[in-house]
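*Asks:* These protein sequence lines map, in sequence, to chains A and B. Under the UniProt record's numbering, residues 1 to 171 are what the first sequence spells out, in order. Under the UniProt record's numbering, residues 1 to 551 are what the second sequence spells out, in order.
By construction, these hints were calculated from the structure, which means they are not laboratory data. Zero decoy hints are in this set.
Selected chain A positions facing chain B (Cβ under 8 Å, derived; list incomplete):
#1 Pro-29
#2 Trp-33
#3 Ser-36
#4 Arg-37
#5 Gly-38
#6 Ile-39
#7 Ser-42
#8 Ile-45
#9 Leu-84
#10 Gly-86
#11 Thr-87
#12 Pro-88
#13 Trp-89
#14 Glu-90
#15 Arg-99
The following residues of chain A were derived to be distant from chain B, with all beta-carbon distances above 10 Å:
#16 Gln-95
#17 Phe-113
#18 Asp-138
#19 Leu-150
Please read these numbers as outputs of a predicted model, since none were measured by experiment. The beta-carbon is built from N, C-alpha and C at its ideal position, and this holds for glycine as well.
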Amino acid sequence: MDRTQPKGSPRVPAGTMGDGGTTYSGVNPNAVWLNSRGIWLSYVIAVTILHLILLSIPFLNVAQAWTLTNVVHNIGNYIFLHMLKGTPWETNWDQGKSRLLTHWEQIDFGEQFTTTRKFLFLAPVILFILASFYTKYDPLHFVFNLSTMLLVLIPKLPQLHGVRIFGINKY
Amino acid sequence: MPLPRLTPGDRLEQRRHGGRTCAQALQERFAQLRPTPVTARKVGFTTKIKKMSQEVTQCLTYVNYGMLTLFGYFRDYLRKSGLETTHSAIERKKMKDFVPLYQSFESFVTRNIYMRIRDCGNRPICSVPSAEFDVLEMVSDDGNWHLRLTGKSRRCVNVASYNYLGFAENTGPCADAAAKALQQYGAGVCSTRQELGHYSIHEELEQTTARFLGVEDAVTFGMGFATNSMNIPALMGGKGCLILSDEKNHASLVLGARLCSTVIKVFKHNDMEDVERKLREAIIHGQPRTHRAWRKILIIVEGIYSMEASIIKLPDLIRLKKKYGAYLYLDEAHSIGALGQTGRGVTEYWGVDPRDVDIMMGTFTKSFAAAGGYIGGSKRLINYLRAYSHSTTYACSMAAPVAQQVISSMKIIMGEDGTNRGQLRIKQLAANTKYFRQRLVEMGFIVYGNDDSPIVPVIICMPAKIAAFSRELHQQNVGVPVVGFPATRLMESRARFCLSAAHTREMLDKVLDAISDVGDRLQLKYSLNPTTKAASAEECYKQVDSLAHEE
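Using the sequences plus the hints, can you model the full thing?
*Replies:* Written out as structure tokens, the structure reads:
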């Protein structure tokens with residue numbers, strides 16, 4: 001299934017840097033850049049590097065490092081995918097529709113259950129499993145790990161597409 | 001290896017597999033998959049390192065974007081807390097509780113990425129943009145927020161302008177003829193074609209264009225973009241029409257398609273199987289809800305795509321169009337004058353009859369050094385467009401000096417001025433194209449597009465290298481446009497070289513040496529398999545020399 005453009009809308013190629021910070025495209029790059037080649041591997045590598053940095057801090061033991069990795073990853077995930085709305089570039093072609101959508105809602109033009117969404121859904125789950133194992137299922141760590149994992153998984157459910165609870169983050 | 005004797009079970013299988021047993025059929029399939037015996041192929045160590053380095057480059061590109069984003073957030077924080085001066089427009093403090101006028105997140109890329117490399121684009125020039133031009137120097141004291149001219153200029157080789165046949169000159173027969181037309185007809189035509197704006201020079205222009213293209217008739221418009229955006233709605237205005245558009249079509253084609261009330265389906269770039277699939281689906285299923293047959297199906301493609309430099313596979317497309325009864329709209333903005341033995345465009349390049357293309361559109365901006373566009377086709381089509389096009393009804397017609405420039409340059413290309421200067425230009429462009437592309441591939445750059453297209457995009461993956469490439473080449477007196485995300489895909493930031501018949505081989509050598517030097521310093525030579533085809537460019541240059549001596 002071709003996901004490089006929304007249904008029925010032709011894609012437009014680039015201009016030069018003349019108008020800088022804008023795209024001539026009729027397509028929101030935010031919807032497709034997570035499908036780019038090598039981005040998932042880079043995501044995994046970035047999380048690994050974060051973990052290695054946390055492991056190198058002398059006063060943290062392994063369990064705390066794993067929990068911190070999980071928590072920092074989930075908070076970052078939440079902020080960039082579910083808190084920030086709109087696009088960092090001007091979207092001249094869609095009359096502000098993507099300004100109200102979070103990045104998660106913009107991925108693949110709103111199509112659900114695509115492989116990118118599945119990957120981003122699985123990443124916190126796998127980190128949770130690893131963190132639970134390395135913290136030896138300690139109850140306090142479990143509370144932190146589970147709560148942040150739920151924080152980041154619940155907004156990804158298709159039932160919550162476009163939902164703003166109590167009007168938080170609506171505009 | 002002899003096959004086993006056939007048993008009764010085998011004979012049954014034979015009937016099923018058309019006279020062969022299952023074993024035989026499998027053997028034949030395997031033989032097809034491996035036509036030549038497999039010899040042990042060892043992937044060399046350097047190739048392995050290079051492959052790994054390509055993956056490393058990809059990862060580093062993402063890291064590069066990530067760092068730019070993080071630093072962008074950091075700088076935004078500094079600006080908000082007052083530690084850094086804010087140069088962009090901000091709202092007044094007392095408007096704090098009102099709905100904000102702008103969403104500052106939308107200008108994130110402009111503030112934090114574009115402003116830092118703003119000096120690489122929109123450089124002012126102070127001469128005619130022919131093979132070389134004078135670029136004015138700009139400096140900035142506050143990180144490119146304010147640029148000021150120093151008054152000095154730098155003579156650079158122009159690989160940025162769309163000047164394929166080198167007609168962008170301010171002296172010579174075209175310029176003289178245009179000056180005379182200015183005296184005779186005036187500067188502008190303050191009226192539309194259907195009212196008072198139809199001059200004899202427009203008649204001459206249209207007849208010359210039709211003769212050039214090899215079609216029955218042509219109509220011209222003052223603006224190339226408007227030729228697409230105003231005429232596609234005129235052609236596809238009714239209900240029940242379908243447009244099949246290439247995914248990398250230009251903004252004018254997209255706008256034209258959107259201005260009609262048609263269904264638009266997009267097919268993969270230059271992928272004829274996808275076109276056939278979509279045509280079949282459209283014809284089989286019909287219109288969306290009613291399933292009635294489509295009234296007409298128009299396939300919109302370009303001759304050369306300016307960002308990918310790929311040439312459309314025209315013979316396949318014409319075969320498909322004839323098979324399924326669709327119409328073809330060919331936008332030859334970049335290919336007219338630049339491709340083909342006599343510069344007639346992509347139809348001549350492929351050896352296809354121009355009358356097979358229903359609507360041949362093109363612009364005069366690139367190869368003819370003028371402005372405006374044309375549509376060529378059958379007399380019936382052109383008469384219809386003359387009456388119903390939005391452009392002929394509401395827009396001013398082409399200015400007379402511009403029309404005269406087109407007429408003069410077209411006559412030179414066709415050889416109607418009595419010399420072979422047109423042919424010389426075409427051959428020079430072809431030789432330059434072959435030579436430049438060959439040398440770039442030999443050096444190890446990743447070059448996109450067809451080997452015959454005069455646009456040469458060179459891939460520079462990383463965003464920081466875009467700016468470095470542009471600035472370094474500017475220091476070495478080469479003016480090249482660069483473009484990156486979000487205008488291109490994330491990994492495909494590129495520099496785009498536009499070759500011209502006005503470039504001499506010495507100029508190209510100078511440009512290539514500069515590119516090679518900068519490419520070494522910035523490590524842009526990503527390609528895994530630089531191939532060499534030494535002979536063909538030399539032949540082309542010999543042809544050019546012999547033509548030049550003929551004069």
